[in-house]
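Enquirer: These protein sequence lines map, in sequence, to chains A and B.
Residue numbering for the first sequence follows the numbering used here, starting at 1 and increasing by one per position.
Residue numbering for the second sequence follows the numbering used here, starting at 1001 and increasing by one per position.
Among the hints, a few may not be true.
[To be verified] Where chain B lies over chain A, by a calculated footprint (3+ residues, C-beta under 8 angstroms):
(1) 93 to 102
(2) 182 to 195
[To be verified] What follows is a list of derived Cβ distance ranges for each label pair:
(3) B:F1049 with A:K96: 24 to 34 angstroms
(4) B:P1037 with A:G37: 35 to 45 angstroms
(5) B:V1060 with A:G88: 31 to 41 angstroms
(6) A:K96 with B:T1198: 24 to 34 angstroms
(7) A:N39 with B:T1239: 15 to 25 angstroms
(8) B:N1044 with A:R75: 53 to 63 angstroms
If you're looking for bench data, these hints aren't it; they were derived computationally from the structure.
In this text, a Cβ means the ideal position worked out from N, Cα and C, and glycines have one as well.
Residues per chain, in single letters:
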Amino acid sequence: MQKTKSKKRVKDTEEREVVAEVRDLVRNFGDRIVLNGINLKVYRGETFVIMGGSGSGKSTLLRHMIGNLKPTSGRVLLFGKDITDFYGPDLDEVRKKIGMSFQSSALFDSMTVAENVSLAIREHTKLEDSVIDIMIKMKLELVGLRGFENLMPSELSGGMRKRVGLARAIAMDPQVVFYDEPTAGLDPIVAAVINKLIIDLSKKLSITSIVVTHDMKGIMTIADRIAMLYEGKVLEIGTPREIKNSRNEIVQQFIKGEHDGPIRFFQQKDDYLEHLIR
Amino acid sequence: MKNPIAAVGRTVLDLGQTIIDVLALFFNTIWWIVIGPFKAKAANRRHIFEQMVFTGVQSVIIVFFISLFTGIVIAMQSAYQLKQLGAIIYVAPMVSISMARELGPVFTALVVAGRVGSAITAELGTMKVSEQIEALETLALDPVRFLVVPRFLALLIMLPCLTIMSDMIGILGGLIVGVFNLQLDPYRYLTFSFDLMTWKDIWTGLVKSVTFGTIIAMIACYVGLGTRGGAEGVGKSTTLSVVLSFILIVLFDCFLTGLFYFSNM
């Protein structure tokens, strides 16, 4: 896995086509600033990982990148188009070129596996049923679930649901696939299977992948470039090696998973006492 | 809640915003029915059909029982008073006209709001909290076209049908009392039922049921799509949807009855 990945990595990223770009993105929820001036570019064909702790704003950033959330200020570009102010049919045209795999899989539970995978194809194309059936089989084969067409989502395990979600995300042959916590809540082996799938899909289908995760092992396996998000800001962007060798203490604490360091999860004792007395 | 005036002001503003949002959803739904099919894509016919079966066919039994017993009760109640005037035969139009103008549309709407409205809110609410609505949007499928339009059309078509059925079963309930208790001739009872009834009694009832269908669909979908916060949120939304629908149905019924009564339509 490591070999193929390192070969794919291209150093002269500046010359490559930018497929997704975020400029000075700020998003407030009430008084809380969740994203505070994010800037990043994702190039065609690469696997770009956005990592950060829980509540660092990574999923929110992802939802801005697909147009589901609108920023307080700043711009979001997909395929060179500024989609910040896109709504309805304009946004849908862009969305037909992207796929999204959700943290909770978000399969439609009133539909079978095959119906889930084929929904977008049926709605957006006029293909014959026989062609669609073949497409469903091809997509399910890619995620190793051919033969499960007629099962309902409730009959599947967590890992299988994730894979069906993936098959649905790539149903329309998207140019970019967004993954929200693809391995969260899965055992290490299934997580490794999903990570391998992400690499395979981007290789076989030349897909650009944008992955939001905090699974360190997975990040180092799949990423071409990594952005570390902390308190609504991008702390550092670089290749896995650059991130590993980063001198930033926050990045180092996150990579090593240490409980003590610049990232604090507990309030100071003084605050606690003061809070009790107040 | 430190400043009561500010709290009242905020509540009024929130209410105003909610009304605007529900109206926006309504016009968006109408757009997808009238203009959408030409500019983009029409709602899936199979989905509309499935919703019609759920809303209409599967509500027949409950509407049957409610209407039958309502008819029986009005017949007994009016017979009790009309007997004293020696006008017992007027039980027949009393039942038929009050069923057609008032009780048929309102009771059917309340039953359907409880059965179908709650189910719609619970389904859309669960889809919302489990990211399924977002998944639809990401697949470039508009939730209004895909989810709201079939449910709205199903209610708009099936509620008047159920109402007509309810009117007839109510009259049948009255007939049972008329024949077995008041010893009236069934043929004379039915002729008298329909003789005093005008077309206006029927169409005003149907206008009401179309209005109630719109209210149930819009409230159920709006509340469902606005659900937040997991299982508890779905429960709260479902309750809110039914309570709001009930209040609005009775409110609009009062308004429409007044309109038909005073405008002499």
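Enquirer: Evaluate each hint against the coordinates.
Expert: Hints, verified against the model:
no., hint, in the structure
1, 93 to 102, "holds (count 7)"
2, 182 to 195, "violated (count 0)"
3, B:F1049 with A:K96: 24 to 34 angstroms, "holds (27 angstroms)"
4, B:P1037 with A:G37: 35 to 45 angstroms, "holds (43 angstroms)"
5, B:V1060 with A:G88: 31 to 41 angstroms, "holds (38 angstroms)"
6, A:K96 with B:T1198: 24 to 34 angstroms, "violated (55 angstroms)"
7, A:N39 with B:T1239: 15 to 25 angstroms, "violated (45 angstroms)"
8, B:N1044 with A:R75: 53 to 63 angstroms, "violated (35 angstroms)"
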